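Engineer: Sequence:
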Amino acid sequence: MHYFEPISPTVEEEIWRFWGKTMESVNQDIENLKFWLNLQPHLPHTLSNKQLKAYLLMNRGSVEKTKLKIDMYYTMRTVFPDVFQNSHPLSERLLHATKFIYFLPLPKLCADFSRIVILKIKDVDAMDFDAYAWWAHIINVVEIRLHEDACSGHIVIIDMENYKISYLMKFTPTLFKCIYTIGSVSIQFFCNH
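Going by full-length UniProt numbering, the first residue of the sequence shown is number 1, and it counts up by one from there.
Everything labelled a hint here was simulated from the structure, so no lab data went into it.
Watch out, some of these pointers could steer you wrong.
Said to hold, decoys possible - Dumping the calculated DSS-like pairs for lysine-lysine here, alpha-carbon to alpha-carbon at most 25 angstroms:
(1) K120 / K108
(2) K50 / K120
(3) K21 / K34
(4) K120 / K170
(5) K65 / K21
Small disclaimer: the values here were computed from a predicted structure and weren't measured.
Starting from the given sequences, assemble the full structure and let the hints guide the process.
Structural biologist: If you want it as structure tokens, here you go:
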């Protein structure tokens with residue numbers, strides 16, 4: 001059983017039509033992306049059709065933007081090792097991160113095929129807050145969504161109720177750069193609230 005509401009073939013066609021694509025053109029784009037991936041020795045050659053479709057969708061059907069974002073996303077793993085090392089979802093570090101963050105994509109798509117995502121920091125002691133684990137947890141959720149989800153963009157609602165200025169002290173300039181770089185590269189935002 002999947003968390004996300006299943007998307008019917010009709011809805012999938014509507015989502016692609018939203019970006020000016022047909023299923024035939026999407027399938028051709030996926031074949032082109034697979035061919036391109038095989039020419040890139042530094043990138044994984046194991047991306048599934050569903051993952052490639054998700055990347056293509058997040059890039060509004062643009063093959064060139066999709067190539068750039070796939071390349072950039074996997075390059076970021078070496079550029080920002082503090083985030084990606086020890087980031088297995090069942091590692092002690094990431095299990096600890098779930099004690100201070102909620103990051104929840106809602107299971108149903110909006111009428112415009114975007115997905116609402118809720119982000120909330122729990123009320124915890126700032127000494128317990130690990131900003132790098134926080135970001136690694138968010139990235140893990142995004143990666144799971146590349147396997148299981150399809151949407152045309154994201155509406156992110158950030159609940160700042162428990163936010164403390166002392167949390168900000170945990171965000172280094174390097175982490176801010178990582179958040180900005182990966183966030184702008186891998187996620188199609190419609191709006192933030």
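Engineer: Work down the list of hints and note, for each, if the structure agrees.
Structural biologist: Here's how the hints hold up against the structure:
1. K120 / K108: With Cα atoms ~19 angstroms apart, K120 and K108 stay inside 25 angstroms; holds.
2. K50 / K120: violated, 29 angstroms
3. K21 / K34: holds, 18 angstroms
4. K120 / K170: holds, 16 angstroms
5. K65 / K21: With Cα atoms ~15 angstroms apart, K65 and K21 stay inside 25 angstroms; holds.
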